[in-house]
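I would like the entire structure built from these sequences, with the hints used as guidance.
Residue numbers (this note's numbering), protein chains in the order written: chain A, 7 to 306; chain B, 1235 to 1661.
Warning: the hint list may mix true and false statements.
[Stated by the list, open to error] Derived DSSO-like pairs: lysine-lysine, alpha-carbon spacing no greater than 30 Å straight-line:
#	chain 1	residue 1	chain 2	residue 2
1	A	LYS166	A	LYS91
2	B	LYS1571	A	LYS302
3	B	LYS1578	A	LYS166
4	A	LYS166	B	LYS1636
5	A	LYS83	B	LYS1514
6	A	LYS180	B	LYS1514
7	A	LYS91	B	LYS1478
8	A	LYS15	B	LYS1514
Please keep in mind that the hints were generated in silico from the structure rather than gathered at the bench. Predicted model only: the values in this text are computed from it and were never measured.
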Amino acid sequence: MSFTLNHLKSLESEAIYVIREAAAQFQNPAILFSGGKDSIAVTYLAKKAFYPAPIPFPLVHIDTGHNFRETLDYRDKLVAKLGAKLIVASVQDSINQSRVTEERGYNASRIRLQTTTLLDAIEKYKFDCCIGGARRDEEKARAKERFFSHRDEFGQWDPKQQRPELWNLFNGRKNVGEHFRVFPISNWTELDVWQYIGMENIELPSLYFSHRRRVFERDGALLAESPYIPMKPTEIVEERVIRFRTIGDITSTGAALSGATTVDQIIQEVAATRLTERGGRADDKRSETSMEDRKKEGYF
Amino acid sequence: MTDQIFDSNSYLNMELLRFTTAGSVDDGKSTLIGRLLYDSKSIFEDQYENIRATSERRGENFVNLALLTDGLRAEREQGITIDVAYRYFSTPKRKFIIADTPGHIQYTRNMVTGASTANLAIILIDARNGVVEQTRRHSLIASLLGIQHLAVCINKMDLVDHSKEVFDNIVKDYREFASRLQAKDIQFIPISALNGDNVVTRSVNMPWYEGVTLLYLLETVYIAGDINHIDARFPVQYVIRPYKDEFHDYRGYAGRLSSGVLRPGDKVAILPSGFTTTIKAIEFDGEQLIEAYAPMSVTVLIEDDIDISRGDMIVRENNQPQISQDIEVMVCWMGDKPLQANGKYAIKHTTKDARCVVKEIKYQLDISTLHRITDQPEINMNDIGRITIRTTAPLLYDSYKKNRETGAFIMIDEGTNVTVGACIILE
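See below:
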């Protein structure tokens, strides 16, 4: 008898432990749900963690209004299937209420504006813990994250003053008005997530699979033609066979040329690829430390 | 990896090795990790292009692999590592999680953090400086935190003419010091992280070295014996009550096994109450399991109606942990303010919250000599010492030597909520 868990099973066990710990240590947690595969995986793990009871907290979608239709369809179907509660906080509302000002220009995006909408939602619903699907292998600032990551009353992350996180003991103590971000799949890589999706047969939005779409090239990334992205006169729209490696706001989600139509084909593709997953994300290309800067302000 | 078909099944069945890296400032730790990632082809083209461009802009005449791990703005500006960064890579043999921890003395708490979950520690020594205080501190911490395997890498061999004599002297010095450590398995490797000698490929510059490369060691070191499969310990984390008609009387005790194995039908005791019962079922996501072992997350159902809540522990009737309110501890102190004799702190131990008072500071450990300072011992940030505490509620524990999960707890400052102490239970 060997009593060994393979790598994916031990990551699953770790993630479920972290999710249950969040449920036990906080009064009012929520899952931040973007419609991307990582937040889908976290939601799926949360379902497993509490079965046969329902997930004891709502899914919160910070909606930039610049969505792929497929993402919203998928979201609504999943919520219905799980019997979960969905809360949508809209960036458009924040703009209408003059909480934030829309960016202008070709590369205008609502990514940064989401921070205000998110922090307002945390305050409004009194969430003391937001569970997210961020992974440490995604990005260099995220590589420094804790499982339980403290945010002060302004929602700020202070990477130089992080609490040491020892063994599997998570310190979620805080003062009133502060909250935590909790990242159950911190230790997963992109390949791990895909392997898990394959192993568990998890349904995903169709955007992740190869399809024909009208796209154009900007700064080395392929972007979907959309009313939300003003195009430069020199940019040419072409129909290409693509899929999305990450799914976020339509203005900053880059497509990759791909013929992969099944999870197995995607796993092959991810294993062989020589570009990082976020390489197509316009939001990360703004500066070398744009993720760190956004995270300090309270971003996901 | 690019050319061949990726074998999904063998990937699934790979073992996971967690290791931590430690060294002084400028020992080349980040460079070594960059080298491991680069030579094992785990760096992506856009990442490489990004650090190449940054190196060029900063006027460095080689691609600075350290930039791969120094992710924060302040780290890049100062060229140092401030916080633990986690890195992931795999070879066809194993998956690896690296906790890259800073070497500065003021950030020792991060080193302890990285070491607390590691199977192996890489201790880096600058060949020009030999064994220094930081080397001893890091080795002691790794050993104290129960890391069984140490890979001592003598780096920058290129700067000492790849000299066997320099290497041999450092090994001798280290062995002398290490005889007082608990780590059983210590290997020495002469490397140059900058040039890649003996990291992934064998060095042509040091034909006198007949041992293995660092990567080979990481791929083959035996770790399956590191988990305790004897003492079944199941700290209850969360009670699942569905409140649905079809699960009317369902009470599931959710948690993760710290160690050992449990099966339906096992006679168990519920601690601290001491009531005994039988395991009715072990479930996971609706599936009935025939057994559960560490570190599986499962839900346990029992035959009798006993009041059980978070912080209680399910164990075998004939194999129980110790129960006491008076605990002997080695503490690594991480707080800005020194540990207060008679001070009160919150503690987290397995899934249990309690409070404690520090009854006695027995001694402070001199890290360089391992001597005990018993005359007015004071434990400041980054110090290690032995203390006695008394807790508000009994702890269910084993010694850290026997069990890394039930033998450890953290101390929290009740004013600031900051984690200030990493505690290892001695007996």
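Evaluation of the provided hints:
1. A/LYS166 - A/LYS91: Violated. A/LYS166 to A/LYS91 sits at ~36 Å, over the 30 Å cutoff.
2. B/LYS1571 - A/LYS302: 26 Å, holds
3. B/LYS1578 - A/LYS166: 26 Å, holds
4. A/LYS166 - B/LYS1636: Given that 30 Å is the threshold and the Cα spacing comes to 34 Å, the pair is violated.
5. A/LYS83 - B/LYS1514: 36 Å, violated
6. A/LYS180 - B/LYS1514: Roughly 38 Å separates the two Cα atoms, so the pair is violated.
7. A/LYS91 - B/LYS1478: 17 Å, holds
8. A/LYS15 - B/LYS1514: It holds: about 24 Å lies between the C-alpha atoms, which stays within 30 Å.
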